[in-house]
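S.K.: The task is simple: from the sequences and hints, build the whole structure.
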Amino acid sequence: DGGITQSPKYLFRKEGQNVTLSCEQNLNHDAMYWYRQDPGQGLRLIYYSQIVNDFQKGDIAEGYSVSREKKESFPLTVTSAQKNPTAFYLCASTPRPGTSEQYFGPGTRLTVT
Amino acid sequence: SQQGEEDPQALSIQEGENATMNCSYKTSINNLQWYRQNSGRGLVHLILIRSNEREKHSGRLRVTLDTSKKSSSLLITASRAADTASYFCATDDTGGFKTIFGAGTRLFVKA
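Protein sequence lines, in the order shown, are assigned to chains L and B. If you read the first sequence in this note's numbering, its first letter stands for residue 25, the second for the next number, and so on. If you read the second sequence in this note's numbering, its first letter stands for residue 77, the second for the next number, and so on.
Any given hint could be a false lead.
What the hints assert, rightly or not - Reference excerpt, derived from the structure (chain L facing chain B, CB under 10 Å, subset only):
hint, residue
1, Y72
2, D83
3, P121
4, Y127
5, F128
To be verified - Simulated restraints on C-beta separations:
hint, chain 1, residue 1, chain 2, residue 2, range
6, B, T103, L, N52, 30 to 38 Å
7, B, Q90, L, T101, 44 to 52 Å
8, B, G116, L, L51, 21 to 29 Å
9, L, N42, B, K186, 39 to 47 Å
10, L, G87, B, H133, 37 to 45 Å
Because the hints were derived from the structure by calculation, they are not lab data. For each residue, glycine too, the CB sits at the ideal point set by N, CA and C.
M.R.: See the structure below:
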């Protein structure tokens, strides 16, 4: 899983609560990404950041928010506005924006009941 | 939007056999990548093939790319039980800042 850590591995929340997923990397990578993966499916891009203090919406950004105050950290908040938040969340990074090979963290499985 | 579509969705083989997975995509690409994911884990990059390359090898992996057919294949030779995982192809979008993943092929290698 390279130098990317995600915590916690499993997270349980009640419906209506916001929850923040942690992603930290010590690879000195500029670009970071958040993906959502549902059972038996591929990855869908939520948000990405090419550089500190900058981020862009991906394909399914509604109900999510991010910040990139430090190069090594890219936390994802799943808000109560996200209608179906239960999923496996993966964080990834690349050395520079546009670099193809992505380095992934181990993922956080979020269950909302 | 999903760029890569893997085929088959699932594949079950005996240890020692070869496993072939295919990926088709829709638009022009700069390169195509293959990743592996063990159950409940993050993805691991396996190999990248550029649009001007036709074949690439890495250990027991062989990847081909046919840009005229917009397709790629991943061959794992002499499979092992430890190869059991999901395999995803991924392509860059036209801007180059996002990677688009297919739904994956789930490979099960029986010992």
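S.K.: State for each hint whether it applies.
M.R.: Now the hints, each set against the structure:
1. Y72: For L:Y72, the interface hint holds, since the closest Cβ of chain B sits about 7 Å away, which is under 10 Å.
2. D83: holds (7 Å)
3. P121: With a closest approach of 5 Å, the L:P121 hint holds.
4. Y127: Result: holds, 7 Å to nearest chain B Cβ.
5. F128: holds (3 Å)
6. B:T103 to L:N52: 30 to 38 Å: holds (32 Å)
7. B:Q90 to L:T101: 44 to 52 Å: holds (46 Å)
8. B:G116 to L:L51: 21 to 29 Å: About 23 Å separates the Cβ atoms of B:G116 and L:L51, which means 21 to 29 Å holds.
9. L:N42 to B:K186: 39 to 47 Å: Once the Cβ atoms are compared, 44 Å apart, the range 39 to 47 Å for B:K186 and L:N42 holds.
10. L:G87 to B:H133: 37 to 45 Å: holds (43 Å)
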